[in-house]
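Number of protein chains: 4
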Amino acid sequence: MKDYNRLLDDILNTVNSVKHPGSVASYIPELAKIDPDKFGISLQFVNGETYNAGDYNERFSIQSISKVFTLSMAIQSIGDKVWDRVDVEPSGDPFNSLVQLEHEEGIPRNPFINSGAIVICDILLSELDNPKEEYLKFIHELNGSDKIKYNELIYKSEKSKGYRNIAMANFIKSFKNLDNDPEDVLDFYFYTCSIDMSCVELAWCFQLFAQHGKQAADGTLFLDPNQIKRINAIMLTCGFYDESGEFAFRVGLPGKSGVGGGIVAVHPGEYSIAVWSPKLNEKGNSAKGMHALELFTTHIEKSIF
Amino acid sequence: MKDYNRLLDDILNTVNSVKHPGSVASYIPELAKIDPDKFGISLQFVNGETYNAGDYNERFSIQSISKVFTLSMAIQSIGDKVWDRVDVEPSGDPFNSLVQLEHEEGIPRNPFINSGAIVICDILLSELDNPKEEYLKFIHELNGSDKIKYNELIYKSEKSKGYRNIAMANFIKSFKNLDNDPEDVLDFYFYTCSIDMSCVELAWCFQLFAQHGKQAADGTLFLDPNQIKRINAIMLTCGFYDESGEFAFRVGLPGKSGVGGGIVAVHPGEYSIAVWSPKLNEKGNSAKGMHALELFTTHIEKSIF
Amino acid sequence: MKDYNRLLDDILNTVNSVKHPGSVASYIPELAKIDPDKFGISLQFVNGETYNAGDYNERFSIQSISKVFTLSMAIQSIGDKVWDRVDVEPSGDPFNSLVQLEHEEGIPRNPFINSGAIVICDILLSELDNPKEEYLKFIHELNGSDKIKYNELIYKSEKSKGYRNIAMANFIKSFKNLDNDPEDVLDFYFYTCSIDMSCVELAWCFQLFAQHGKQAADGTLFLDPNQIKRINAIMLTCGFYDESGEFAFRVGLPGKSGVGGGIVAVHPGEYSIAVWSPKLNEKGNSAKGMHALELFTTHIEKSIF
Amino acid sequence: MKDYNRLLDDILNTVNSVKHPGSVASYIPELAKIDPDKFGISLQFVNGETYNAGDYNERFSIQSISKVFTLSMAIQSIGDKVWDRVDVEPSGDPFNSLVQLEHEEGIPRNPFINSGAIVICDILLSELDNPKEEYLKFIHELNGSDKIKYNELIYKSEKSKGYRNIAMANFIKSFKNLDNDPEDVLDFYFYTCSIDMSCVELAWCFQLFAQHGKQAADGTLFLDPNQIKRINAIMLTCGFYDESGEFAFRVGLPGKSGVGGGIVAVHPGEYSIAVWSPKLNEKGNSAKGMHALELFTTHIEKSIF
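Taken in order, these protein sequences are the chains called A, B, C and D. The first sequence runs 0 to 304 under numbering that gives the first Met the number 0. The second sequence runs 0 to 304 under numbering that gives the first Met the number 0. The third sequence runs 0 to 304 under numbering that gives the first Met the number 0. The fourth sequence runs 0 to 304 under numbering that gives the first Met the number 0.
Read the hints as simulated data drawn from the structure, not as lab findings. No experiment lies behind these values; they were computed from the predicted model shown. Hints may be right or wrong, so weigh each one.
Identical chains share a label here; the pair holds if one copy fits it or two copies do between them.
Stated by the list, open to error - The calculated SDA-like cross-link candidates involving lysine to any residue, where the alpha carbons are at most 20 angstroms apart (straight line), are: (1) 175 x 98; (2) 160 x 180; (3) 175 x 159; (4) 80 x 293; (5) 158 x 132; (6) 175 x 187; (7) 301 x 225.
Whole structure, please, built from the sequences with the hints as guidance.
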């Protein structure tokens, strides 16, 4: 046990001693205000052992990590019919590209780029009675507490400047792959991204993907193990935009990043791990976070590969 | 003079005897209701001689032909500064493609594709006090009468289904190449497209481009001849979406088409000619209209080339 | 043990009872002659247990599976310097696309598309004294026997019709990412693809990737475990052209396919498995092979995810 | 008459007094040796009046201007069947792009980009008994003398470094849009580009396009006026790679440029004009040449528009 505490401290010291290029996400004004030097990490084994370091208890905006939650909810709702509306291939383009969407006539490449997540939100909007409430409830159940909230400032900030996402939703609608009004879909989409969570909370929620569908809080089966396997596969191939191959290559774990600087990854059957540091590299992933996870899996010499 | 009357009648008979594939524009519900077999033509020489045939007096929705009017107004307003915001190259992509816009970071390829015209409308919105009124006034002055009006049904129809254009405007805004709110720009853009004109009225207005900038109604200079030359050049290279090369090749005149089925073309120093027939080919240009103009220039053995 | 024999038989019966659309690779005349209904499978656990079914002993052209061997050799030769010349991202485009190569100025997206493998062959050509001999020797050592040979008919057939690959090699050369003459590089590249192997032989060779770098024949360490982890990661994200995401999603194993109809996959630390059936789906991967592997991992309820 | 002499002198002085950015074509080693500051111009009216300035008598490599000659020969040979193999649309991509070729499955966008000219050369190779001799003879007849020759150094230089063109020819072959061996087609293609001509000779040859198909030397009809009209249209829409719209906009004449620094343009029914200066702008067109032609048409206030 002591070893892991020391390992996380070593990692913290190493990533803080290196000067990482990049900058905090600036397209969402509210996000641009965060201290770029923050760094937190939380490691949670499936047996419950937990190790933390740095700013692991500080909440940050989960942003695109929400795409894993909404996909899970959509699969809970309509099962494999999700895949009639979204593909599962890596995109090879930046997260907000409209090029492939045009070539593939409104079918997003996968559920973890913005266009895909917007379609997933459209599904939830059609299926759920109170989408926002049920989304929060889903996270609360995963987390075993109801303290996690959405951040209204972030939500409004994104909504007022989200031209690229408005473009995307209307583009998809023009191909008839949205059932609801684009404005309503985006309102829900921005809401899902605006949740604040800490590394500890994120790693805890992602036990779901480390424990083959079992909820960490009380061990009940939350999602079919076969569906968890597929979500993990998509996290591995598509979780880091056009840096997904690089992450698989260097870290070797399924995971998901957000422009708030969070990254969460899992070794199925073993552990979940969440890191946070706001400064992003040029692909839009946390610079220190990527570095920390590479140090971690290299040190423990264990990955899914 | 008799010859031209007969020539237009012959052309009318020929295009009506051929079965043209294609269909009326369906993405704007109001346009889809038009009788696809209509055909009108009006030929007007710079000396005032005029020849007509078919449904030449019936008004139709000018749609993208408006892009020539708005460009002319923008050049009147801010001159060559227009070209800081829009390029002058043919696009090689469909009229509503977002691909090139992404590669060129929000600078539309030319002012005659939708994205380009949206930027032009943004310029007018910033420069004019009452954009809609001044736009109508511009057309009234060109036409020497104030009978031409916008069609509210078309305007509302486009507005309610214009997802692709909403996507485009927000996409351009995300690259910071719109100064105004995308919604306001689109409202004006849809308005400019919703004008109803007949072949006779269109050919008369386009005398401006046949007479090197002089207004047909009273002969006053309306636009600098050097600017008219440039607008004519853009009509030749970009007036027919990704069928522009084909039109130059087969017809050999600068011109502009709209999805309402209208096409207007000019031989600078000689004549203007407008045709209308609602059925569109797969590139979005009037099928009978393209055919009629090819017959015309082949017969008179005279083009700018 | 009996269970696995029965499982493979069941899989064989199931895939043979379904009519798979698709056809045998036709662009290489010699490949087009193979009986499309053939099917073989070989499953080999890291402890040596082996189970086979169908045409598991019949040799076929490994084609793109060779890309895993040449990449392994290049990493043995120059280590991480390989990654200066080739990227590790999924391509999102067909295996022989030149589009991304143009956008990325001659740097292939990954070593498992044709362009990437051509660059890898260029590296080997520069590094090795007798590339063809050493390539065969590499496979012989992995296989613990020297019976595997290259197929001259296939080699000549590819060479005479390989216009797309000639295009690709010269295109890369124009970006200065080939050191040798394109013709020499292609000669070696076609040679590496022209090896004939059976399912049993392939699964045996790929124990290297199941056993973290140890050679199955005598247990010596052949490649660094950390490098094996990375090659496995690239197989997972890029091993099946633009169906890689689908394979990860449905099967959940690192693997590699070839247009000869072979697919080989590994569960690191557990087993390797090779299947063969010549009829290809529209993405260029064995139709029955994909089906068989999906049945297998679904049945044993065990994947890396 | 004196005015035109003075005008050309003024233009020469103006373009020489400005510092144009850019550099001599470097991908063909032999071309890189030329003095970048050279400038020549020749203006020839259809009535025979001729005005020259600068290095108008110095021969240079015509390069892509040859594409107009080969297209004319192909139309002489097989007429409109040419258009089954090549399109007539502007490309919106650099002259040596392979992207559009992939999207359009081997049909080049137009005959004035490299891929299109390679297909045209393939046609000539199939149609002519002695393609190289007949090509030279065609130019000799147009020029009324047999002094124009091909430049062996340039030819060999291109052939040894023409990787991009080899890529293109093999790519087209892979789509089955070449009948002959790619190597043979390229040999002829490089030959056609390797002709040396002066401004005077080029403007003289291009009288064909100013005189609606009549040969300047003896007035005989060389090509159908209707075909000349079409070739002129393609020169206007496609003659300057992805700067074609800009040239039409600024200069307003059909024309063709080459990476040797030559540009030749025509005003049908009026005159032909050739300029030469080796330094190229970033689009691959002569920097001084573009400038000179813009000055010329702006001054004489006369273009086809």
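A quick look at each hint next to the structure:
1. In this homomeric assembly, residue 175 and residue 98 come within 20 angstroms of each other (Cα to Cα) both inside a single copy, at 17 angstroms, and across copies, at 19 angstroms.
2. In this assembly of identical chains, residue 160 and residue 180 lie within 20 angstroms of each other by CA distance both inside one copy and across copies; the values are 19 angstroms within and 11 angstroms between.
3. Within a single copy, residue 175 and residue 159 get their C-alpha atoms only as close as 25 angstroms, which misses the 20 angstroms cut-off; across copies the closest is 14 angstroms, which meets it.
4. For the identical chains of this complex, residue 80 and residue 293 are inter-copy neighbours only, at 19 angstroms across copies versus 35 angstroms inside a copy, given an alpha-carbon limit of 20 angstroms.
5. Taking identical chains as interchangeable, the C-alpha atoms of residue 158 and residue 132 lie at most 20 angstroms apart only when both belong to the same chain, with a minimum of 19 angstroms there against 32 angstroms between chains.
6. With identical chains, the CA atoms of residue 175 and residue 187 are at most 20 angstroms apart within one copy only, with a shortest distance of 19 angstroms there and 25 angstroms across copies.
7. Within a single copy, residue 301 and residue 225 get their C-alpha atoms only as close as 23 angstroms, which misses the 20 angstroms cut-off; across copies the closest is 10 angstroms, which meets it.
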